[in-house]
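Chain residues, written in single-letter form:
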Amino acid sequence: MSKKNKKQFTSNVTGEQWQKELLRTWKRVVNKVGVIIEDEVHEGKRNTKLVLKSGTKVIVDDIRGRIKPQYRVRDENGKIWFVGAHNVDFSFQEDNTEENSDPVPIYRGGVRVDGTAEEELVLPKRYTMPKSTDEEIKALKEKLKNNG
Amino acid sequence: MANSHNDMFQNILEGNKFDPPPGLSNEEIMKRAQAIKDGKQIDLRNTQVGYEGVEVEARQNWLQKKKPHVYDKMMKYPEKLARGESIAIIQFQYDYNCNFDCEHCSIDKFYVPRSWEKASGRRKFELEDVRRLSKEADEYGLGNFVITGGEPLMLKEYDQLVEAIDPDKFFIACDSNGWLLDHERAKHIKSIGVDKMQLSLDGVDAQSHDTFRRAPGSWERVMRAIDACKEADLHVILSTVIWKDRIYTEEWTKFLDWAKETEIGTYVVFAKPVGAFENVTDQMMTEKENKILEQFEKEYDIFTHMTPSYGRDIGCIAVKRMVSMSRYGDLMPCPYQHVSLGNFFEEPLGDILNRSLNIKWFDPMKNMPCICGVDKGFIENVISETYGDSEVPVRYDKIFTTDDFLDKDNIGTVNPNSGDGHEVQTWAEAPLITLKGKKIKAYDPIEEATKGGT
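The listed protein sequences correspond, in order, to chains A and B. Numbering follows our numbering, in which position 111 of the first sequence is assigned residue number 111; successive positions increment by one, without gaps. Numbers given in our numbering equal positions in the second sequence, counted from 1, plus 148.
It is worth saying that the hints were derived from the structure and are not from the lab. Don't take every hint at face value.
[Said to hold, decoys possible] Using 25 Å as the maximum straight-line C-alpha spacing, the simulated DSS-like pairs for lysine-lysine come out as follows:
no. : chain 1 : residue 1 : chain 2 : residue 2
1   : B       : 446       : B       : 408
2   : B       : 446       : A       : 145
3   : B       : 556       : A       : 141
4   : B       : 344       : B       : 446
5   : A       : 138       : B       : 272
6   : A       : 49        : B       : 524
7   : A       : 138       : B       : 556
Excised from the complex, chain A in its bound form (with noise of 0.2 Å):
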């Protein structure tokens, strides 16, 4: 990251200190493993807290935040978690040797076009509904009124 984009800020409400983490480009981490660089403390439900150690492997399937970039990530147990993209590190990864590393997948307008074949993302339901139209949506109504 370029120091020009290390210009930091102070919250007027919250006296935070602020700089901007780019997220980075998401060939590089999605599918990928890394290892959490600080503990990671969450809030559970009922004022519990969570802990993920850092020097935990994480693999990351997805991606989200602009402001406070996060990775979807899961632990060994499969347990979900939303990391500082900040706090991840794959620099180990990026030194293993070439049979190791994954050959970076080339897209045009969402379709691998470089003939390997297609990962099986792991995504919410919600976002891999096919395509809908009015007659879908029709059909769609249909079917939850003949099943009650």
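Based on these hints, arrange chain B on the given structure of chain A.
Using the frame of chain A, we list chain B on its own:
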């Protein structure tokens, strides 16, 4: 001072077509009321609704002439509310791309980098979907869109988006940080049918605004944008965020004085404990600050989402008067409740709205408080479900139980065995929405007319 922020449609609705025009005999009033009940078109030309005065009449005439279909729909709003239907403004989050990094951004978690969005196969709004949304919203009788983001003026397809929404069918407002709004753009935006710009301004001086928006030079750009809108005769209002400490500062009163002097209405947005302010509760407005703000409302041309309007105090406007549509088709109760009430790509808008109005928190007959701002039970049981490691928006069936629904036959995909019989206390204690002091449930045009009006 009355709130002169009321724009043309609000003024129209400050009274409503059920209210007998002045000067009618009892016989004429009865005839008119019967026509309303029979669903016949009534002659609105001589109906004096809203505040009295030349300005209101001019605004009504403007809308009636310029956007007759929108005017007709808005004149039906009181009737729709009385029937327990939504008159929601659709806050349309068409794209989350933005050129700012504002510290209070409430939708940051919704942003996905464009190339990853494509590669991951997310279904998002295309212009043909927008046309369908416009069609369904129009059929439902809705009359307002707010294009928001992200920063809408960054959109390459801005003109096509406005066209797809259809300016003939909707009063279209647009949020902006003003960075890309110069005179030429303002003139163009007006020419394609956008009716109002809502510009974000969070400080009377450059230092406070630019720090909050984390964009040096942005205050200057907002000033330029205000002038551009005025020159282009494009209706403009300001939008400013209020947090607990700000209301006690000299900067806040200076801001209000400046807005008053500049003759621009200001929409005051409460900082909410979501988005970038997730869990930041110590700077949220409390009842005390709300009372102070109410005093400011009397003196200055400002309004909030809780300001009574349309002739009635409906309380929390979620679903009733406001819904947010995400880029990915999820309909949410308001910009701060990251709960999906249903997905537009999966079911029709009207079905989602009708099911949502069946949720007690959004009961169209009840005057609920600002549930995501002050209701601790709602924040703990609903809003907090959207925090942290939750994937937002969280689907309604993961949050609500049968206890939250009025009619147990319209609960969508909620588990029928999910409730344990607990009453939603806030709902049980909330008063009914009133129409000029009368309970809306008891409202009947014939009865009203017989009694001699409002």
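Cross-check of the supplied hints:
| no. | hint | result |
| --- | --- | --- |
| 1 | B/446 - B/408 | holds, 12 Å |
| 2 | B/446 - A/145 | violated, 51 Å |
| 3 | B/556 - A/141 | holds, 19 Å |
| 4 | B/344 - B/446 | holds, 24 Å |
| 5 | A/138 - B/272 | holds, 20 Å |
| 6 | A/49 - B/524 | holds, 20 Å |
| 7 | A/138 - B/556 | holds, 24 Å |
When held up to the earlier numbered hints, the structure conflicts with hint 2 and nothing else.
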